[in-house]
Amino acid sequence: MGRRLHGRGALFETDPAGLAPRLVGLRPHHHRAVPAEHPQELPFLVLTGGRGLGKTAVLRELRDGYKGHTPVAMVDCEDAEFAAPPAGRPAEAWSPVSQALLVVAEQLAEPVTGAGRIQFPRLMSGLVAVAAGGWGNADSERIRREVERILLLNESGSWITGIAGRWAGRVAAKVVAAVTGGGPLTSAAVEATLESISDGFVNRRTQRASTWYRDYPNAGGNPRRGLMLLSDHFRAGGTSREHAEQYLVRALLADLSEAYAGVLPRMRRLGRPLVLVDNAQSAPGAGLVDAVLRDRSEGIADQVVFVAALRGDGRPALRTKGPVRTARRAVRNGPATPAPTPRPPGTHG
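When we follow this note's numbering, the leftmost residue of the sequence shown carries the number 1076, and every step to the right adds one.
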């Protein structure tokens, strides 16, 4: 880094462990475990304040300290890719949140020390259903390009990497053929995608992923209907889209939980995944933060460390009820106690 971060020791030191290693469960720049705190209720760390206070610098140091050792993703909500849909993609089938989830998953999927790529079959299925809602007037090449990028979220990256790459291309061709054959676009894309999960690499994980959307509201236990409803709600916009986006965030977190489930993956994977959200005051920041906090407040737990940088002293993205703790209290060793008058920067859980 070009300059030293003021007070960085409270966040990054390893002896005694600062806040970052206690949340992630790893020492920065090392593949060495430290005891991870908050196994049941993981806090959501939010850095607030005006420009020039080093919020982005903190996120970058976190990324650099953990990249390659545990899954890490960093997005800047003010990047141009989140401002508007790509060329040819209608707004009804795209949102800053859906784009951010794709970018985050692509980064989290990268192999780390002692473990291969993470697959995201649940998120992949949901994003295909969302994208299919905008293929009404699309040419086959655009459909292929969009669906192949999403399908690669389910690539294992192990010894079958070549097979997985060919699988993605084969499924993309199947989706293109289905949606350009004159039938219902979204239905055909959903059907082809669900079949691809079941037929691609059959094991208990992929089987669980292929049925996950049966629990979508009003799906009646039918995963295909769940994905159709997700697509419809996303295209509807407004509150309906917010609900669909929340379920997509939940899909990302469910895929991450699956990657850490079981004895062998736990033995290989040290540390929690880390998602860094810069300029969270801009879209898609509010949607991402709100979806995670709402689920946590409703008892839907995850083990992902979220750190967001929010410009200004207000907290418009933190609408969910929950205890707020000041950073001064949170960075100390031992359990943090609720602060009656929280001041930025702080944590929200």
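Keep in mind the hints are simulated off the structure, nothing from the lab.
Beta carbons: idealized from backbone N, C-alpha and C, even for Gly.
Treat the hints loosely; a few may be bogus.
Have a look at the derived ranges for each label pair, beta carbon to beta carbon [unchecked claim]:
1. Ala1085 / Ser1215: 20 to 28 Å
2. Glu1153 / Thr1286: 35 to 43 Å
3. Glu1088 / Gly1295: 46 to 54 Å
4. Gly1244 / Pro1292: 52 to 60 Å
5. Arg1224 / Gly1143: 29 to 37 Å
6. Thr1314 / Asp1290: 14 to 22 Å
Quiz item: For which of the previously enumerated hints does the structure constitute a violation, in increasing order of number?
Solution: 1, 4 and 5
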